[in-house]
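Following the hints, position chain B against chain A.
In order, the protein sequences belong to chains A and B.
As numbered in the numbering used here, residues 587 to 1059 make up the first sequence, in order.
As numbered in the numbering used here, residues 587 to 1059 make up the second sequence, in order.
Hints should not be assumed to be uniformly reliable.
[Said to hold, decoys possible] Residues from chain B shown here face chain A by an in silico Cβ test under 8 Å; the list is partial:
1. 645
2. 690
3. 737
4. 739
5. 1005
6. 1052
Treat the hints as calculated values from the structure; they're not laboratory data.
Even glycine gets a Cβ: it sits at the ideal position worked out from N, Cα and C.
2 protein chains.
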Amino acid sequence: MNWKPNRSSHLSLHIQITDWIKERIQNGEWTVGTKLPAQRRLAENFEVNRSTVVAALDELTADGLIETRPGGGTYISNDSWNILLKNAQPDWDKHITESIHEPNYHTIQLINEYEQDQDIIRLGTGELSPSLLPADAIEQALQSITLQPRDMGYSEPKGNKKLRSVLSQHLKNRNIHASPDNILIVSGALQALQLISLGLLEQGSVVFQESPSYLNSVHPFQSAGMQVISFQKNEEMQTKLKNYSSRKQSIFYTVPTLHNPTGSTMTLGERRHLLETCHSLHIPIIEDDVYHDLLFSHDTLPALKALDESGQVLYIGSLSKTLSPGLRIGWIVGPQPVINRLADIKMQTDYGSSAISQQIAAHWLQSQLYEKHLHVLRSELEKRAQFMHTLLLKYFSDAASWHKPTGGFYIWLRFNKPIVNKSLFLRLIKQQILINPGYIYNPHDQHHIRLSYAYADLAEMEKGLVILKQALR
Amino acid sequence: MNWKPNRSSHLSLHIQITDWIKERIQNGEWTVGTKLPAQRRLAENFEVNRSTVVAALDELTADGLIETRPGGGTYISNDSWNILLKNAQPDWDKHITESIHEPNYHTIQLINEYEQDQDIIRLGTGELSPSLLPADAIEQALQSITLQPRDMGYSEPKGNKKLRSVLSQHLKNRNIHASPDNILIVSGALQALQLISLGLLEQGSVVFQESPSYLNSVHPFQSAGMQVISFQKNEEMQTKLKNYSSRKQSIFYTVPTLHNPTGSTMTLGERRHLLETCHSLHIPIIEDDVYHDLLFSHDTLPALKALDESGQVLYIGSLSKTLSPGLRIGWIVGPQPVINRLADIKMQTDYGSSAISQQIAAHWLQSQLYEKHLHVLRSELEKRAQFMHTLLLKYFSDAASWHKPTGGFYIWLRFNKPIVNKSLFLRLIKQQILINPGYIYNPHDQHHIRLSYAYADLAEMEKGLVILKQALR
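The following block holds chain A by itself, in its conformation from the complex:
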């Protein structure tokens, strides 16, 4: 018994003693029936007060691990081994904290959690309000879907052939010419990023992004060990790109149309500049185009992919922002070896996306259901955008600035003072208001809130903004 408790440990002395005795039982050193030394001896050995030993023994007795026998003396109880065995859980906490994938930011975990609360006003949600989702029409359309038994099996690696053919047609509207073999069906744009991260980048690769960025709120690249480098808008790209990309493989992530979270859209000049810069440095581009169909004006600019002559752009689209996030259907367009590779990894990840979701998607895109729905949806969103803009003029014109939206879901509200921090976020939750603070898109940002006019109804928007204004006082 040379062991002594450690006086500088954060664990109290009696707990250390309890643990030490448990260990002796567990590793078989003190078997059932072993008689423990007297309390005084133990106290001397451990160099602690006798009261500390008593506290430890009381705990072990309460746990059933030791027992006092008639005639005196303390013994390891008959049941001790079973009791310890039963309590010996794997150390899940250790498993969790030491594992590979980063957890979501705490703020985002809270957002995910509080979004389940039906009474909370969601001022920042990147999701259409249930009232804007065509659930009835989807339900109705289910009845015109014919399921071939073959379609209910495992899918082809690239996804349902019919859906890929329909998408090949659909993408022509965007001036993108892609054969079905150049298209991979995925379960939403986030999965597309995950597959690119695992299947096209060596460990330690550099992922360039504009700041603020949606990518900061998710971790498909960071968790695979990539280095994420942010650009400020208008920053000189050429040199920075060259410096970083010469060391490692790299890729540029961008949302050129209706950027998340800022809502801005690149000019044609900016698009050409980005393409040429990346081209000359052999840096592939990920074009995230999931908001495009929500532009209020028909005056759309070409996708980077439509300007791409060398197969350097991987194009991502999705139905989550327009038709229904619940379908979990998106797509990647790219050169065939790249699509083959990503399909191979998709097969190793989840064996393909839901067959029924793919059927529904094909049906909606092929019939005019999707276009008709978009028509209604855009005008609804535009009304909401106008309303939120008016509210902001009414309540925030002296404290903040913003651009009037040209499409999508968001207003990137900039406060004159750096007041958007976690404490504000938490205070608002207590008042049943959920915001998306700017710091989840750029950790150094304390000026912005991403407002969304897509989720809350008009009355909630006003109520929410009024409470926000009060909270800022």
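Okay, now just chain B, sitting in the frame of chain A:
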């Protein structure tokens, strides 16, 4: 011009020269209009024959990068920069080969590819025949599904609440008591493994498995940098487990009921022994139970999870083997902090599984549709198993051995001689027969084929086995 081509390179001399000149143009050393040295000078400089220089210059001329001007002399052409720019694709091959995720085995890629060929006979497929999938009934059931708009949005992190409640009930049949909060909905069992790999294991962790193993045919752990250690059946576990697991975090993957690929089922004693061994070493267990519902006899053994008193077992179930792979619906059951963690990563991976698939799953499990379907399915599979067994007796009784199946899809056919190799696999493909060779489940195995009686129809089974027999001569 100190550079000289490398004579030990696998690239021919004239290609090396062509590349070197292109590089000079690209990096701006030789600008438009630069006059090239005479052919003789170049040949001297590069220490090559003049004909080699001519071949290189011819190629550059054909590409439009250099031009001969009237009056003699060869110059970098006006168009050279544009031409190089246009051709400068990102080096996708490099991106693919250096990236993180391992590709599927070539044999599995071929299986994935040839499974799309409707005329091929699939003797090994781990999937129900379309004729056994209740596509009509699913189609019909679509009409009794009511879609709440809220359900068509992003799902709760753990998945649709109704489905989790229904599963909580359903799991009681298997003597597993799990609240909806202890259940995570995933897109099939493979995704469950992926999430566990990313969310519960430190890099370099040890994953134990029985050999042969389904895990060898997919790479959810290997691709994340885990070390996979195989056990032979009956091998002494205690010491081996202790040696490896003391160095790193570890986890044990097992399919105790209707094992893939062998079809075997652990006895109650084996289950207890595995649980206790892992328990005493604090090694968590992944129990993959996706074939259980296909046991021909009602005489089922308890799941490891049902025997687990310390929360050390993560239990995986799925509808892919019983109802439809196309739904992409499975589940993980485990302690709440573990399920919370995996849900958080699922949200960061694909924002949840298809809402409609989840609705369908809940409907089938809750109504008696699922149980009724199982009843029919099991008896169909048993007939098929009996038929294949009879065929094997007829054609292979002198060349191979096997166990009569007690459920599921597979017969693990063992040939007396080591004749199952890639060449056999490829020869059979030419004859329109697709097999799952044993070496995809254990790289050293040349004795086994995983036969499946779930996919091919009876006539195809016989035709396929006859061709297999001939191919082995």
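Hints, one by one, checked against the model:
1. Given the 8 Å rule on beta carbons, the hint for residue 645 of chain B is violated: about 20 Å separates it from the nearest Cβ of chain A.
2. Against a cut-off of 8 Å between C-beta atoms, the interface hint on residue 690 of chain B holds, since the closest Cβ of chain A lies about 5 Å away.
3. Look at residue 737 of chain B: its Cβ gets to within about 6 Å of chain A, closer than 8 Å, so that hint holds up.
4. Below 8 Å, beta-carbon pairs count as interface contacts, and residue 739 of chain B has one with chain A at about 5 Å; its hint therefore holds.
5. For residue 1005 of chain B, the shortest C-beta to C-beta distance to chain A is roughly 28 Å, which exceeds 8 Å, and the interface hint is violated.
6. Interface hint at residue 1052 of chain B: violated, since its Cβ lies 26 Å from the closest Cβ of chain A, which is beyond the 8 Å cut-off.
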